[in-house]
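S.K.: Next come the chains, spelled out residue by residue.
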Amino acid sequence: MKKKFKLESVDCAHCAEQMAVLIRKIPGVNDASINFMTQRLIIDADEAAFPEILRLAQKACDRVDDGCVIKV
Amino acid sequence: MRLSKKDRHVLVRIVSTAALFLVLLVAEHTGQLERLPSVWLLRACYAVPYFLIGYDILWKSLKNVCHLRFFDEEQLMLYATVAAFCIGEYPEATAVMLLFQIGELFQRIAVGKSRKSISDLMDICPVVAYRETDGAIEEVDPEDLVPGDIIVVKAGERVPVDGVVVHGVASLDTAALTGESAPRDVAPGDALYSGCINLNGTLRVEVKKKFEDSTVAIILEMVENASDKKAKTEAFITRFAHVYTPAVIAAAALLALIPPLVLHGDWSEWIRRACIFLVISCPCALVISVPLSFFGGIGAASRAGVLVKGSNCLEAVAKMTTVVFDRTGTLTCGRFSVTDIRPADGDKTALLALAAAAEYYSDHPIAASIRAENQVDLTNFAIGSSETLTGQGVKTEVNDEMVWAGNEALMRSLGHTQQPVETGTAVHVATAARYLGVIVISDSVKPGAAEALCRLKQNGVRRCIMLTGDHVSAAGAAAAELPVDDVRAELLPQDKVAAVEELLKTRSSKETLGFVGDGINDAPVLACADVGFAMGTLGSDAAIEAADVVIMDDDLNKMNAAVRIARKTLRIAKENIAFALGVKAAVLLLGALGIASLWLAVFADVGVMMLAVLNAMRTLRTK
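If you read the sequences in order, they're chains F and H.
Per my numbering, residue 1 is the first one in the first sequence, and the count goes up by one each step.
Per my numbering, residue 1001 is the first one in the second sequence, and the count goes up by one each step.
Check before you lean on any hint, since a few could be wrong.
Quick list of in silico lysine-lysine cross-link-like pairs, DSS-like style, CA-CA up to 27 Å [claimed, not checked]:
| hint | chain 1 | residue 1 | chain 2 | residue 2 |
| --- | --- | --- | --- | --- |
| 1 | H | Lys1208 | F | Lys71 |
| 2 | F | Lys25 | H | Lys1060 |
| 3 | F | Lys4 | F | Lys25 |
Under 10 Å between C-beta atoms, here's a sample of chain H residues computed to sit facing chain F [as the list claims (entries may be wrong)]:
| hint | residue |
| --- | --- |
| 4 | Arg1008 |
| 5 | His1009 |
| 6 | Arg1013 |
| 7 | Ser1016 |
| 8 | Gln1107 |
| 9 | Arg1108 |
| 10 | Asp1120 |
| 11 | Val1223 |
| 12 | Ala1241 |
| 13 | Thr1245 |
| 14 | Val1287 |
| 15 | Phe1294 |
| 16 | Gly1384 |
| 17 | Ser1385 |
| 18 | Gln1392 |
Hints listed in this document are in silico derivations from the structure and should not be mistaken for laboratory results.
Where a beta carbon is used, it is the ideal one built from N, C-alpha and C, also for glycine.
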């Protein structure tokens, strides 16, 4: 199932793209995309796996751009 | 404009670094720095502003290196500036850092401003609703309303959910939904859409839809998701950026190593040239400005009451050369009205008045349109008993004489043989002795439709084609009033799909075909065209679902607004691509030849980005 999250302080479009690539690689994620303009992160994954995926996604974002926060 | 804490902090650093840097530059040019006892002291002087402006970039780069991530923007700046320092270009190294930071700050402000102007536009979400239960009014969350509830909407308030007015009259501001500035009046029985603002009066409204199914929620959802679907131009840039940066870095490495090793060139000269490559290798100008252009275009369109479902749809609208219109409800008003009055003799007003008197008791829609057209006061007519002759018409006693009004079959039974009219529906009027004339009722062409089509053609649409389920004759009459190039009549809904598919084959791959329908039963056709426009869809979620572009009211001129905005957006995106690539290619060439300096490179990089972003933001203001 697909879920939407707000992504705060993404500063560069290129970073957003890189974050999406990293999040897509997280096990259990079917698809992920980041809309830089509307600051939305959309993750398509299994419902039960979401808490763990979100933790890993936040970690992936930190690696690309420190200070970027995924709001649930 | 308020800056975030982070941005204010960066701004302070930029200003202080710039001041310090300026002092150093002046000192250098007046020869003061040459008096310094050691070159290390000179380096230290330039290192102060360099670290002041660049410490966060350096820190981030080092962290990324630890994470085994190489060649992001920050690291490129690090490599370029360190290399510049090593070859003695201290002012250049500081300038690169300083301008990079200015560029980044500018970019954040520009993106923030665009985001804000879109979110202001989308600020149509109602926060509270006032529910009336047993005469008491309570404040509730719009999401808690259920169909059947009665809510009160006072002047100045936003309608929280879709409903029907049960009491009160008011003017509504629908601008947020339709882009239309003229207020719309509502009275009991009228449908009311969420997101409109009540300008005056108090309305009591029966809730018809839950909040999440209401117009406002559907629109917000759609606009928020719009920029997920990327246009081809946008996808191209993303792919290009993936290749561009590594390629330029590789070229820089070769440039720094090959000539000194193979041709015994001067190391510092070739490293300097390689630095120029590194500084120019960031694809920021493209990566930021192209999506920003499309985002702005979608925003400008929503302000005009045209919802575009994605950047790809906007791109398709810009390339549209053929537009296929569904007739009923799109080019025509979709309701019957009197279009012709042909008395056998005597005047038109009298014939119409007599027909209206004859149809006085009829509840048929055709009768209603005759009565609506009539201007004569019917109280002067003695209207007696009336009888409906099913499938034929009516007979009514008017002024002590029996009057028949109806179709050809009815006339034949009276002995008045009449030819069928060529367009629309005929209501013949006769007495037993005399045939009096005919009134033609048809679905009239929308006012302004012809003008809108002419303007579409001026905007680059080459073919306008009309599809209709009506008879050839009726279709021909509507076509005569409009600048359409082709008419396909007597089509069943499935034939419309076939007709559009056939037309799709005739357009070239660089062009697109648009279909415009009222969205009620056009869903298959809307889906099969390159761009499906649904019109007059305020409150119809099925149409919003099926179409690519939704025109909230039924104004055909909005098509023109959509085409204009789409064309301008695409043009700006292309301008930015050509400009950024052109300047970068020129600087790379000049740099490799040793003509360009690091100063030129960094000004070119940051300058191009700023100009491209400013250019992209123009789309937001397109009318």
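S.K.: Hints first: check each against the structure and report whether it holds.
M.R.: Here is what the structure says about each hint:
For a cut-off of 27 Å, the pair hint linking Lys1208 (chain H) to Lys71 (chain F) is broken: about 33 Å separates their Cα positions. Straight-line distance between C-alpha atoms of Lys25 (chain F) and Lys1060 (chain H) comes to about 23 Å, which keeps the hinted pair within the 27 Å bound. For the suggested pair Lys4 (chain F) and Lys25 (chain F), the alpha carbons sit about 18 Å apart, so the restraint of at most 27 Å is met. Among the interface hints, the one on Arg1008 (chain H) is violated; its C-beta lies about 14 Å from the nearest C-beta in chain F, farther than the 10 Å criterion.
Proximity of His1009 (chain H) to chain F is violated relative to the hint, the smallest CB-CB distance being about 12 Å (cut-off 10 Å). Because the closest C-beta pair between Arg1013 (chain H) and chain F is about 16 Å apart, greater than 10 Å, the hint is violated. A distance limit of 10 Å between C-beta atoms decides the matter here; for Ser1016 (chain H) the minimum to chain F is near 22 Å, and the interface restraint is violated. Given hint, Gln1107 (chain H) at the interface with chain F, holds; its Cβ is 7 Å from that chain's nearest Cβ, closer than 10 Å.
Taking 10 Å as the C-beta contact cut-off toward chain F, the hint placing Arg1108 (chain H) at the interface holds, the least distance being around 6 Å. For Asp1120 (chain H), the shortest C-beta to C-beta distance to chain F is roughly 14 Å, which exceeds 10 Å, and the interface hint is violated. The criterion of a C-beta within 10 Å of any C-beta in chain F is met by Val1223 (chain H), whose closest approach is roughly 9 Å, and the hint holds. Given hint, Ala1241 (chain H) at the interface with chain F, holds; its Cβ is 7 Å from that chain's nearest Cβ, closer than 10 Å.
Taking 10 Å as the C-beta cut-off, the interface hint given for Thr1245 (chain H) holds, the closest approach to chain F being about 9 Å. With a least beta-carbon distance of about 5 Å to chain F, the hint placing Val1287 (chain H) at the interface is held under the 10 Å criterion. Among the interface hints, the one on Phe1294 (chain H) holds; its C-beta lies about 9 Å from the nearest C-beta in chain F, closer than the 10 Å criterion. Below 10 Å, beta-carbon pairs count as interface contacts, and Gly1384 (chain H) has none with chain F, the closest being about 68 Å; its hint is therefore violated.
Given the 10 Å rule on beta carbons, the hint for Ser1385 (chain H) is violated: about 66 Å separates it from the nearest Cβ of chain F. A least Cβ separation of about 59 Å between Gln1392 (chain H) and chain F goes past the 10 Å threshold, and the interface hint is therefore violated.
Hint check: violations occur at hints 1, 4, 5, 6, 7, 10, 16, 17, 18; the rest are consistent with the structure.
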